Structure formats: C-alpha cells, structure tokens
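Novice: Start from the sequences, fold in the hints, and give me the full structure.
Residue numbers (the working numbering): 3 to 179.
Bear in mind the hints are in silico, worked out from the structure with no lab data behind them.
Note that the structure is a prediction, hence the values are computed from the model and not measured.
A virtual CB, placed ideally from N, CA and C, is assigned to each residue, including glycine.
Among the hints, a few may not be true.
Computed Cβ-Cβ distance ranges for the label pairs, DEER-style [to be verified]:
| # | residue 1 | residue 2 | range |
| --- | --- | --- | --- |
| 1 | G22 | D46 | 34 to 40 Å |
| 2 | W52 | E28 | 21 to 27 Å |
| 3 | E24 | V47 | 17 to 23 Å |
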Amino acid sequence: MVVGREREDMKLLTAQVTEGKETLREKAEAIAGWIYENVQYELDVENPPWELVKGAHGDCSSFSPLAQVMLGCAGIDCWGWQGVFWGENYYGHMVSLARLPEGWIMVDPTAPPVIDCDLRNISAYGYYEIDQTPDFPPIQPPDAEPWWLPTPKVAEILPYIFGGLFTAGIVLTSLKK
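Specialist: Right under this line is the structure:
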C-alpha cells in the first residue's frame, strides 16, 4: 500500500478532483492537471503528498508520489518509475505509471501534464533537450514478460541509462495498492 492512500483528506481531495470523470483516463488526466495547477514546483525539495496539497513545494520526487496516492484513491493501479537520462546534461526524473484499459501510461504532472506511453514525451526530454537518445523501448510494467531481462533493444541503450534493476537501466519501484 502506498503511504497516504488511507488518509481521508487524500480520498476526499481525489473524489473532488475526479468528480464527473467517467473513465480511468479522464480521472488520470484530472489528477495530473490538478497537481500541475495547484502544487508549486521547486527543485530539490521533497515533501510527502499530504503536505503538497497544503501549499508545500516539491519536485518530481514529491509530485510522483502525490500522483500515485491520488491515482490509487481513484482506483487506478500505478507504479513509480525513476529514470536517469543524459545527453549534454545528466538528469534524473520520476513519474508514475498508471494501468489504464489501453495499457500502461506515464503520468507526469511536473510540467504541462503528460499522459502518454512514449518516454520521449516526459518533461525530462523537454527541459534538457536530450532527444539524441536512441529510440527508447516502451516502458514494460512489472507484469509484462519478461520485464527483468534486457532485450536486444534495451542492450543497445544501456550506455545511455543507469541505475536500478539493470546494470545500467531502469528503476521500477513497486507502489501498488
């Protein structure tokens, strides 16, 4: 269970934000939009989700857990994903992966909200212009087979990524309900 999903204030906020939304995607979009519009981004500041909604500041490592709490309260299975990118610059970023009927998608509320299955559309790419990174494989959630083994495509990009489950790879943190 993700810490914060049991809190009544988080359940109430999520219900208000997703009121009138019919589909899981609409709920995910509403949550990402609410976070982007209502929580102030500040680099290298971390706060728990229930503090962010009271006016605290945070960066992606705070926004992503807040999204995961709210997605979970809305009945959407989700995981945290942390990656490290580099081109001319080195940069780490954290987003949420949400399981929607169309598959796993990224929810990134730190810049204009991204609800997408293409890693290249998350804010790290926009901020740091590292599009020279070779085509990145789609993110494989932990229930995809075989998520823990590098594929030939992953092996091609290992020099561009490091940390976590692969010698140089992706960190998936289980944040399921």
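Novice: Are the hints correct? Go through all of them and say.
Specialist: Results for each hint:
1. G22 with D46: 34 to 40 Å: 36 Å, holds
2. W52 with E28: 21 to 27 Å: 24 Å, holds
3. E24 with V47: 17 to 23 Å: Violated, since E24 and V47 (Cβ atoms, about 35 Å apart) do not stay within the stated range.
Against the hints set out earlier in the document, a violation occurs for number 3 only.
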